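K.L.:
One-letter residues, chain by chain:
2 protein chains.
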Amino acid sequence: MGGAGRAGGYPAKQISMQLSIIKIGGNIIDDEAKLAGFLDSFAATPGKKILVHGGGKLATRVAEALGIKQQLVDGRRITDAETLKVVTMVYAGTVNKNIVANLQARGCDAIGLTGADGNSILAHKRTHPAIDYGWVGDVDSVDAAFLTGLLTLDKTLVFAPITHDGQGHLLNTNADTIAQELARGLGRSFDVSLVYSFEKSGVLMDADDDNSVLSRIGPAEYQDLKAKQVIFAGMIPKLDNAFAALRSGVRRVIIGRAEELPLLLAGKAGTTIVNE
Amino acid sequence: MGGAGRAGGYPAKQISMQLSIIKIGGNIIDDEAKLAGFLDSFAATPGKKILVHGGGKLATRVAEALGIKQQLVDGRRITDAETLKVVTMVYAGTVNKNIVANLQARGCDAIGLTGADGNSILAHKRTHPAIDYGWVGDVDSVDAAFLTGLLTLDKTLVFAPITHDGQGHLLNTNADTIAQELARGLGRSFDVSLVYSFEKSGVLMDADDDNSVLSRIGPAEYQDLKAKQVIFAGMIPKLDNAFAALRSGVRRVIIGRAEELPLLLAGKAGTTIVNE
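Chains as they are written, first to last, in this note's numbering: chain A, 1 to 276; chain B, 1 to 276.
Just so you know, the hints here were simulated from the structure itself, not pulled from any lab data. Computed from a prediction, not measured in an experiment: that's the story for all the values here. Mixed in with the good hints, there may be bad ones.
The list treats identical chains as one, so a pair stands whether inside a single copy or across any two.
Said to hold, decoys possible - Capping the alpha-carbon separation at 30 Å, the derived lysine-lysine pairs in DSS-like fashion look like this:
1. 125 <-> 238
2. 226 <-> 69
3. 125 <-> 34
4. 57 <-> 228
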């Protein structure tokens, strides 16, 4: 039984349900018109889906208004206790609940979550030999059974970039990491497409030309382009994460502009990262 | 078949699963030690349960720090657009997520919700012939099927006093009302005990003596004590709501101190309101 290419037969591997996990960054959240356009596309995306949002500049504005000084070490924001209060307010309160209400208005039955909710993402406070990052979380585990339960109730999940340590502490957690960990955790039960949206159209052959998008990249080509310094700087950790996600069971990873979501998911825009 | 009083037989009416719905007010939320003690008791409460929390003074402090003036009309806070942003931050962000994380630390698998999440509580913006209350919601419906689904996944629900109108607007909504509407909506499937905690030990025969708690009150006694002005002022709407809840299918309503939660649920403290 089984075997590839049989007309009319059952596929050799059981076809899993499709799940799209889409991460949007601050550049979309800070722009009301862009966000509305993105939510239109997201709500219209068929099948099971998860949105992971970053924070945007509102947290910085609220912190400034409350007189809380932002600490930076090596260009990284330190999450002291006061900053944690602000990001919890803004990310889990303002941003998350407004996205949920706006998806509901578009007929998309969304539920907003942090990692504390339903113990969905357990993390630990980051330890570093030299730098105290404060209340920053590195993810330990995702409760795939619970999240599958919510998806089975036909809910769309909207994650704020906040996790918890199981000891009563909330933790500020990188939204890219949350998207990747959700994709890994759910990749066993679903056929996961993971979309990282950012400010460019995809992986560019010429960093100054937004039309030079590489439509597809595999590990060999990545190594080659990295050696030739066509791919450099901030794109390297993004692609390393993408290949790591593919190795852990995610079907495909796409990098591109949030404004082009339907085209990204159709493979007609952005860069699709493949493991072959 | 069936019939009451048969030894060893099936009960005539199917016994529903117990559900405790407990509303805590700002006096608990504002006091860290009181809140921790309450969460100990709440986490230890057996069976299915829902916590509904109010706001507390943090919203007022944050609004002041952000330079947002509170508008009061007839002693009622008006929720203008800026105030809605603050209550969304504080109630759905800070207060809700800290309660959830602290329940998780106590082994209670909680999930925080507003009415927008999963479209669980749909409301409409209050209309009033004389006063514009702003972004204040009056509840239209509760999605009992979804909430039952979450309870069946063994989650404890923690509601912030925020609903939505299905048109993309969040609405500031009275926490007592949310507790009552949840109790009504879930009263068809569960044997619901609804606990309103407040700053007194229960319904008092002498308003100045906290030891004069009436342990049980029915409709006839209520009318009698109201006529004699033993029950007056703020207690009247509380009891009217309690009797309304009983008429709509809630099994029992208890009023008392949050600090005495186990005794309240055991009928050994507070006032139990009954419909007979």
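K.L.:
None of the hints should be skipped; say for each whether it holds.
P.N.:
Tested hints:
{"no.": "1", "hint": "125 <-> 238", "result": "within (23 Å within a copy, 44 Å between copies)"}
{"no.": "2", "hint": "226 <-> 69", "result": "neither (38 Å within a copy, 55 Å between copies)"}
{"no.": "3", "hint": "125 <-> 34", "result": "between (33 Å within a copy, 27 Å between copies)"}
{"no.": "4", "hint": "57 <-> 228", "result": "neither (35 Å within a copy, 59 Å between copies)"}
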